[in-house]
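**Q** Could you put the whole structure together from the sequences, leaning on the hints where they help?
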Amino acid sequence: MHDVRYDAVHDEIVVPVPYAQAILTFRGGADGQEAPIRIIQGPKTGAIGSRLDVDPIHNEIFTYTGNTVTVYPREANGDVAPIRVIRGPDTQLKRPYGIAVDPINDILVIGLNSNFGSDEPITVEDTESLEKGAILIFNRTDSGNVKPRGVIRGPKSGIIRINQMQLYPQKKLIVGAMPGVIDSMEPDSAFLGVWSYDDNGDIPPKWKIPANDRTKLKKPFGVVLNPKNKEVIISDMRNQGVLVFSVPEVF
Amino acid sequence: MIKAQRGGKLWLLSVLSAGLVLGAQTRTEDRKPITIERAPQRVIKDQYPSFSAVAINPDENMLVVTDENLFQILEYDRRENTPAQARLSEPKRVISGPNTRAEMMCGVYIDPVTKEIYVLNNDTQNWLPVFSRDARGNATPSRYLATPHGTFGIAVDEEKQQMYMTVQHQNSIVVYPKQAAGEEKPLRTIAGSDTQLEDPHGIALDLKNRLIFVSNFGNAQISPPGSSGGRRSADTYGKFEPPSITVYPLDASGNVKPLRVIEGPKTRLNWPSQMAFHEPRQELFVANDADDSILVFRAGDQGDVAPIRAIKGPTTGIKNPPGIALDIKNGEVSVASMGTHAVLFFPVTADGDVKPLRIIRGGPANQVALNIGNPGAVGYDTKRDQILVPN
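If you're matching them up, the sequences are chains A and B in order.
Under numbering that gives the first Met the number 0, the first sequence is numbered contiguously, ending at residue 250.
Under numbering that gives the first Met the number 0, the second sequence is numbered contiguously, ending at residue 390.
I should point out that these hints are in silico values taken from the structure, not numbers from a laboratory.
Just to be clear, a hint being listed does not mean it is correct.
Pairwise CB distance ranges, derived in the manner of DEER restraints [as the list claims (entries may be wrong)]: (1) Ile56/A / Ala38/B: 33 to 39 Å; (2) Asn225/A / Asp133/B: 45 to 51 Å; (3) Asp350/B / Asn225/A: 47 to 53 Å; (4) Leu249/B / Arg148/A: 55 to 61 Å; (5) Ile56/A / Val353/B: 52 to 58 Å; (6) Asn225/A / Glu28/B: 29 to 35 Å; (7) Asn370/B / Asp10/A: 46 to 52 Å; (8) Ser131/B / Lys171/A: 43 to 49 Å; (9) Gln169/A / Ala85/B: 48 to 54 Å; (10) Ala34/A / Lys207/B: 39 to 45 Å; (11) Ala85/B / Asp10/A: 41 to 47 Å; (12) Gly263/B / His57/A: 39 to 45 Å; (13) Lys207/B / Ala29/A: 43 to 49 Å; (14) Pro42/A / Gly263/B: 22 to 28 Å.
List of simulated lysine-lysine pairs, DSSO-like, C-alpha gap at most 27 Å [stated by the list, open to error]: (15) Lys207/A / Lys31/B; (16) Lys171/A / Lys382/B; (17) Lys382/B / Lys227/A; (18) Lys31/B / Lys215/A; (19) Lys229/A / Lys31/B; (20) Lys44/B / Lys382/B; (21) Lys31/B / Lys131/A; (22) Lys44/B / Lys215/A; (23) Lys207/B / Lys256/B; (24) Lys318/B / Lys44/B; (25) Lys44/B / Lys227/A; (26) Lys171/A / Lys146/A; (27) Lys171/A / Lys31/B; (28) Lys44/B / Lys207/A; (29) Lys114/B / Lys44/B.
Since we're looking at a predicted model, the values are computed, not measured.
Note that the Cβ used here is the ideal one computed from N, Cα and C, for glycine as well.
**A** Below is the structure:
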């Protein structure tokens with residue numbers, strides 16, 4: 000599993016299982032070999048991406064397959080088709096990987112790995128020559144072949160690829176884990192970045208926690224926010240662990 | 000009144016701030032990021048190795064273990080037995096570092112002649128690096144092969160000099176020349192809708208009867224007939240099937256049906272991971288990860304059959320075992336117990352809740368491993384103040 004979301008409104012845990020092309024929902028506090036309370040899976044459902052997010056207000060689950068963003072009813076159980084999709088050349092969707100939704104400001108954000116994440120072997124030389132990743136900003140209710148309202152991409156952005164993201168509706172912030180070149184075990188360029196919903200273009204993050212000896216970050220893969228304690232919680236692949244930072248200035 | 004004055008000042012400040020922000024928005028390309036250079040308040044990390052795969056060369060008493068937590072390849076003397084009062088056993092050598100091309104290692108093989116170590120990466124690196132008998136530290140592999148993404152198990156036919164690997168992400172088995180390197184392509188691939196390969200993990204060969212055994216977690220991906228399979232195939236969808244062991248001819252290729260399948264509630268299979276085949280006894284040993292057990296089946300078993308033996312229970316010390324190896328010469332089975340930082344040794348005839356013959360510990364006794372592996376995401380349960388980490 001490469002994503003996990005806690006739905007605080009309904010006290011549920013939602014995870015994608017890409018090996019079985021399924022979205023599983025567990026009760027909050029589930030423990031041990033406990034069965035899920037709902038499963039979305041089947042021919043109508045189709046393939047499921049490695050990441051997802053939950054909109055507990057409008058009762059929707061956002062994920063992707065291939066270069067298509069798919070949206071399912073949150074309470075669905077069984078073989079259900081997506082209720083809407085975003086796809087097409089205008090969307091600029093290319094290897095989506097991170098995904099996050101803000102149900103308050105009606106924003107959907109997609110992180111791209113671009114040419115990364117293929118089943119084919121990719122060398123360091125490849126990653127340096129291929130198109131870099133990006134953050135695409137859509138409206139939450141977008142459907143079809145729509146243009147993103149914002150695209151953050153380019154050398155100043157520092158984005159090579161984007162893994163898990165979180166949105167902070169109160170300040171309209173995008174928080175994304177940028178683990179750097181995929182083939183490098185401890186890439187110099189990795190960081191946790193914070194951008195604004197209004198950013199568009201080759202924009203550096205407003206804040207960044209870089210991977211270095213001081214922060215102890217090496218390869219940030221996941222992020223979640225704890226506004227109550229003004230904390231950013233980061234899962235780090237190369238540390239095989241979780242690092243908790245106090246960053247009151249972001250909240 | 001005081002409140003109003005304060006409010007007025009705040010309003011003025013807000014307007015000024017908004018102006019500053021608007022001004023900044025026109026030049027966001029020139030924004031200087033505020034770099035937060037501070038140590039984390041808390042770190043959740045296991046400081047000891049998580050043993051994921053194990054291989055043995057009895058002639059040289061060589062035990063090689065891969066560690067998915069600290070990204071190490073460790074060699075011990077197979078006769079080592081960590082004293083109860085000791086914190087851990089020190090390995091004879093360690094291979095680790097960014098030059099190794101070895102990270103989330105889940106498969107390991109020792110060449111019986113050269114004693115070279117072959118290591119398989121799973122989800123983060125697409126390489127099979129090979130290390131010489133003397134490699135240690137941040138060593139560059141003596142050669143490496145670019146493999147499909149998501150390899151897990153490895154088995155070698157020494158007579159034909161061919162190595163077999165499972166590919167979890169593509170529901171396939173790939174066969175390479177043993178000396179393959181660089182971008183060399185596989186000699187053949189077993190994949191497709193008829194194969195019943197469903198999230199394959201372990202692989203073992205019966206060279207006498209010319210068979211391939213593959214353990215499957217049961218995460219099936221249904222593809223259109225004639226499709227080569229894989230989770231990115233068009234029209235693919237998923238299905239949860241029971242865990243299984245599928246059996247193929249040793250020279251199988253393409254979209255072949257298994258000769259037989261071991262599957263069903265009597266089998267007790269639950270995340271069956273690495274396997275090892277005992278040719279003289281004609282028995283298949285399975286590291287049954289989610290059941291904290293080692294299961295033994297007859298070579299000819301089929302359908303919903305109970306294992307002929309099972310090593311399981313609190314006395315065994317087995318916790319989440321992904322790795323297993325057989326030492327036929329000394330009559331032992333060794334188990335990589337990821338949940339307890341340990342390698343455990345049992346007689347090949349062991350059955351039930353038995354005490355291991357020896358234990359090599361990479362960490363303190365009775366310290367449960369965190370089992371954080373490739374944490375691609377993190378969640379926060381606000382109701383229970385709990386951090387959720389998927390592997």
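**Q** Sort out which numbered hints this structure fails and list those numbers smallest first.
**A** 7, 8 and 29
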